[in-house]
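Enquirer: So the protein lines, in turn, are chains A and B.
According to the working numbering, the first sequence is numbered sequentially starting from 832.
According to the working numbering, the second sequence is numbered sequentially starting from 1264.
Hints are not guaranteed to be accurate.
In silico DSS-like pairs for lysine-lysine, Cα to Cα no more than 27 Å straight-line [claimed, not checked]:
#, chain 1, residue 1, chain 2, residue 2
1, B, K1445, A, K918
2, B, K1362, B, K1445
3, B, K1362, A, K918
4, B, K1686, B, K1697
Here chain B is said to cover these stretches of chain A; the calculated rule only asks that three of the stretch's residues, wherever they fall, bring their Cβ under 8 Å from a Cβ of chain B [as the list claims (entries may be wrong)]:
#, stretch
5, 912–923
6, 937–950
7, 970–977
8, 1123–1130
Chain A is nowhere near these chain B residues, computed Cβ spacing over 10 Å in every case [claimed, not checked]:
#, residue
9, M1405
10, N1596
11, R1605
12, L1614
What the hints contain is simulated information worked out from the structure, not anything from laboratory work.
Bear in mind that the values here come from a model prediction, so they are computed numbers and not experimental data.
Backbone N, C-alpha and C fix where the C-beta goes; we use that ideal spot for every residue, glycine too.
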Amino acid sequence: MELFVVSLLNGLVYGMLLFMLASGLTLIFSMMGVLNFAHASAYMLGAYIAYTLSLYVGFWIALLIAPIICGLIGAAIEMWGLRRVHKNGHIAELLLTFGLALIIEKGVQMTWGLMAVPYRIPNGLDFPLFDLWGTQFPAYRAFMLLISALMFVSIWLGLTRTRIGLVIQAALTHPDMVGALGHNVPRIFTLVFAAGTALAGLAGVIGGNYRVTEPGMAFSMGPIVFVVVVFGGLGSLTGCFIASILMGLIQTFAVVFDYSLADLLAMVGFVVTKATPGSEFLMVTMPRIAALLPFILLVAILVLRPRGLMGTRDT
Amino acid sequence: MSAHANAFTAMPAPSFLRRHGIWFLMLALMLVLPWLFYDHDRGRHSGFVITLLSEMALMSVFALSYNMLLGQAGLLSFGHAVLFGIGAYFVAHTLNWIKATGIFIPVELMPLVGGLGGLVCGVIAGYVATKQRATAFAMITMGIGELLTAAALMFMTFFGGEGGITTDRVVDTSVFGIAYTKPIQVYYLLVAWAMIAALLLYLQTQTPLGRMANASRDNFERTQFVGYDPRVIRYWQFILAGFFAGIAGGMYCLVYEIVTFDTLAAVKSANALLAAYIGGAVGFIGPIMGAVLVVGMQSGISLYSSAWLLYLGVIFILMVMYAPGGLLGLFANHIPIARTGRLGELFVPYLRVIIPTLVMSLGFILFVELVIHHTINAAQGKKFGILGMRPDPGSTLIWIVAIVGMIAGALWLRQAGRGFMTKWSALIEDAKTKGIMS
Chain A
832 MELFVVSLLN GLVYGMLLFM LASGLTLIFS MMGVLNFAHA SAYMLGAYIA
882 YTLSLYVGFW IALLIAPIIC GLIGAAIEMW GLRRVHKNGH IAELLLTFGL
932 ALIIEKGVQM TWGLMAVPYR IPNGLDFPLF DLWGTQFPAY RAFMLLISAL
982 MFVSIWLGLT RTRIGLVIQA ALTHPDMVGA LGHNVPRIFT LVFAAGTALA
1032 GLAGVIGGNY RVTEPGMAFS MGPIVFVVVV FGGLGSLTGC FIASILMGLI
1082 QTFAVVFDYS LADLLAMVGF VVTKATPGSE FLMVTMPRIA ALLPFILLVA
1132 ILVLRPRGLM GTRDT
Chain B
1264 MSAHANAFTA MPAPSFLRRH GIWFLMLALM LVLPWLFYDH DRGRHSGFVI
1314 TLLSEMALMS VFALSYNMLL GQAGLLSFGH AVLFGIGAYF VAHTLNWIKA
1364 TGIFIPVELM PLVGGLGGLV CGVIAGYVAT KQRATAFAMI TMGIGELLTA
1414 AALMFMTFFG GEGGITTDRV VDTSVFGIAY TKPIQVYYLL VAWAMIAALL
1464 LYLQTQTPLG RMANASRDNF ERTQFVGYDP RVIRYWQFIL AGFFAGIAGG
1514 MYCLVYEIVT FDTLAAVKSA NALLAAYIGG AVGFIGPIMG AVLVVGMQSG
1564 ISLYSSAWLL YLGVIFILMV MYAPGGLLGL FANHIPIART GRLGELFVPY
1614 LRVIIPTLVM SLGFILFVEL VIHHTINAAQ GKKFGILGMR PDPGSTLIWI
1664 VAIVGMIAGA LWLRQAGRGF MTKWSALIED AKTKGIMS
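With the rest of the complex left out, here is chain A (with noise of 0.2 Å):
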């Protein structure tokens, strides 16, 4: 009970940060229609400007600045490299930001070293919330729970409740439309991109010194938040939201569960031993292909449902 308590809000703080993430990138996804492979690196970024700027001016104000800076880095792309390159198709704009997030994985490595930087959890947040038996809980998970759900809510209200908000709705299914009627889709598209990248960088400044700030952060985030994305399902947010707790949920217990299917058969009597054919995939345990988990979700989504959970349209 303890631990199904434990993982689970460990889970839900883990599919918050996710849906920083993949929010962002669903909608850019959905509506212009580009996989962005540089989202990733604005986590990455994010992560990395926060450490930075927490050096000088503390955590708070970081948390402020850093998505800001991020947020302009990805206005400018979109409007100087994803604009021109936009004639040539959606492959070229993969491309391009596929390249991008090769040169950022290495300017990061120039800048910051190829090791782990030391980005701490702010000392005001440094202290156990509450005991669940015996299992403290931080407070800083909290907080990160607190951020996103705050970010939820405002990007809901954003999107419903404004003028602005309603637009974009209409230009994630019809962008030529929302054109004829005379709203500037050019520019929907730069601050949608923007702000995009903006929530990854937030991700980034809270998730960075909850997980670990290095290099391959972004290589390593990036296929899960595609996963994320195609498992919701292009144009719905809803789907992203759920499909982000899932998938928290899903790899924070394939963690906490060790076994395989070794175990499972010796349970019922049969004892595998290295003898055994097929002994091999039979011995590897949950945690090894939780690991694996996301690609073939991936995989098996794109084949058999390319609309994801609740998609308006095939990916």
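Based on the hints, put chain B in the right spot on chain A.
Expert: For chain B alone, coordinates are given in the frame of chain A:
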């Protein structure tokens, strides 16, 4: 692209040598190059050069096979290394099997064994991946790539975990009686296979399948109307690409005699993509040019700078933004102007563009090298050096030189670029009025 195609077809039928001379040129170059670096004092070949050339040969085949998907069928794959890697593992296991049992399978046929491995992998992975196209295809291939890389670290028997599978190419089953103890012997075997593979790959572009792959790339819906199933085209194209990627993997195994999970991983796939795109996915020999460039940077520039991947990334982005046809496309753009006989008029405008480009690039390179020196290299005790000079990396002056060079070069290039484009447009216009270009 259609414009270039027209330009080519409008030419009078050239002689056999003119049409196929490039093949003989390539072969001659590959045969002669090792001897240019022959060390006469010690009476042996330079090991570095032989490895470099071998890597170029195998990467060329790999990039060409990648281009069967990217250039010919318009399919962007992020997991092509899976086919390459499985081919390499097949060869490693086959060589070990020959060693253990003494069964007679000629070493010369090892790339073919790799090809079969890639083919099998292509049949399985392709069945899943080719169900979709465009972005979904790219993501499925990425998923398969990540899946197999993770699996390679998990399953010891076939993949050997982190250590990989080591093997020995000296198994005494050569049909020509060659021992393959020397790298040069392996290199010439690789040259033979690279030529065979390249020729087959070229012929494949002329087959109905190759043509239909082009059609489904250019107009997906019309291909369906004509009565072809684009999925079947994609599937066959993928399987054949797997075969050739596997051949490249087999060549890799023969050169290095060890196959690790790196051969399957995303970096390898990205290399194929970079090579094919930078070289030019629009024409047949583009990927070969790209592979030579990528391997050259990987092995050559990496000796001098650890930022080679950054430079490659920047070149890639510039290509995506300004020259979607890659290096080959840049050359091909000049053909109509050359045929009006006015190519010489571009000499001065080019000079005017190249000088600011050099200033900008040198400023950028100096800047990058300075940054990387201070964050990484200084800690490793390396000395700062650029172009054979050893300026003091701590001085403010050198930073100013780098930044001013970069910015001034960029502004100057912008200015000069306008003049160049005016001249260029005028020449293209001239080619159009003369009916050389439509």
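Enquirer: Hints first: check each against the structure and report whether it holds.
Expert: Against the structure, the hints come out as follows:
Between B/K1445 and A/K918 the CA atoms are separated by roughly 51 Å; this puts the pair beyond 27 Å, and the hint is violated. For the suggested pair B/K1362 and B/K1445, the alpha carbons sit about 19 Å apart, so the restraint of at most 27 Å is met. Proposed proximity of B/K1362 and A/K918 is contradicted: the alpha carbons are some 55 Å apart, above 27 Å. A C-alpha spacing of about 17 Å is found between B/K1686 and B/K1697, which places the hinted pair at or below 27 Å, so the restraint holds.
Interface restraint, the stretch 912–923 of chain A with chain B: holds (7 residues with C-beta to C-beta distance below 8 Å; minimum three). Figure legend: the stretch 937–950 of chain A, annotated as covered by chain B; annotation consistent (8 residues with Cβ-Cβ distances under 8 Å, at least 3 required). Closer than 8 Å: that is the beta-carbon criterion, and the stretch 970–977 of chain A has 0 residues meeting it against chain B, so the requirement of 3 is violated. Coverage of the stretch 1123–1130 of chain A by chain B holds [criterion: at least 3 residues with CB-CB distance below 8 Å; count 5].
Chain A draws B/M1405 into its interface by the beta-carbon criterion, the shortest separation being 7 Å against a cut-off of 10 Å. Separation of B/N1596 from chain A is adequate, the least Cβ-Cβ distance of about 15 Å exceeding the 10 Å criterion. The claim that B/R1605 is not at the interface with chain A holds, since no C-beta of that chain comes within 10 Å of its own (minimum 28 Å). Its beta-carbon lying about 26 Å from the closest one in chain A, B/L1614 satisfies the requirement of being farther than 10 Å from that chain.
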